[in-house]
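Chemist: The opening position of the sequence shown corresponds to residue 59 in my numbering, with each subsequent residue numbered one higher.
Check before you lean on any hint, since a few could be wrong.
To be verified - Ranges of calculated distance between the beta carbons of each label pair, as one might list FRET restraints: (1) 137 x 64: 32 to 38 Å; (2) 88 x 61: 43 to 49 Å; (3) 126 x 95: 17 to 23 Å; (4) 118 x 141: 18 to 24 Å; (5) 86 x 131: 18 to 24 Å; (6) 126 x 96: 14 to 20 Å; (7) 60 x 143: 29 to 35 Å.
What the hints assert, rightly or not - With a Cα cut of at most 35 Å, we get these calculated DSBU-like pairs of lysine-lysine: (8) 84 x 106; (9) 63 x 106; (10) 106 x 77; (11) 77 x 63.
Quick caveat, the hints were computed from the structure, so don't treat them as lab data.
Glycine included, C-beta positions come from ideal geometry on N, C-alpha and C.
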Amino acid sequence: MGCAKHFLNFQWEHHRWRKRVTGAEKQPAPETNMWGRVVHSTYVRCHKEDVCEVCGTTRRDMNCICDTAYGEHCAIRRAWLDQAEHPPA
59 MGCAKHFLNF QWEHHRWRKR VTGAEKQPAP ETNMWGRVVH STYVRCHKED VCEVCGTTRR
119 DMNCICDTAY GEHCAIRRAW LDQAEHPPA
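From just these sequences and the hints, can you work out the full model?
Modeler: What follows is the structure, encoded as structure tokens:
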């Protein structure tokens, strides 16, 4: 069943969007602390997109950057990592 709805002469799409990570990486980034010294921290950068659960259409590529503590517990990123470790046969 597709996502296009028809009524009289009108047609519109009604998707069920779900976020999916298509790529992720850890990036080092220099920051300045409160004393003006440069410290090196690491951030997680994910490339995400919305995918329709019904028809598979994709939309809106986006990137997000978060610290590694949050990135390790992000449900969408964890699902992508689990799939990468155990690819479907």
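Chemist: Determine for every hint whether it applies to the structure shown.
Modeler: Hint check:
{"no.": "1", "hint": "137 x 64: 32 to 38 Å", "verdict": "holds, 34 Å"}
{"no.": "2", "hint": "88 x 61: 43 to 49 Å", "verdict": "holds, 45 Å"}
{"no.": "3", "hint": "126 x 95: 17 to 23 Å", "verdict": "holds, 20 Å"}
{"no.": "4", "hint": "118 x 141: 18 to 24 Å", "verdict": "holds, 21 Å"}
{"no.": "5", "hint": "86 x 131: 18 to 24 Å", "verdict": "holds, 20 Å"}
{"no.": "6", "hint": "126 x 96: 14 to 20 Å", "verdict": "holds, 18 Å"}
{"no.": "7", "hint": "60 x 143: 29 to 35 Å", "verdict": "holds, 33 Å"}
{"no.": "8", "hint": "84 x 106", "verdict": "holds, 15 Å"}
{"no.": "9", "hint": "63 x 106", "verdict": "holds, 27 Å"}
{"no.": "10", "hint": "106 x 77", "verdict": "holds, 7 Å"}
{"no.": "11", "hint": "77 x 63", "verdict": "holds, 23 Å"}
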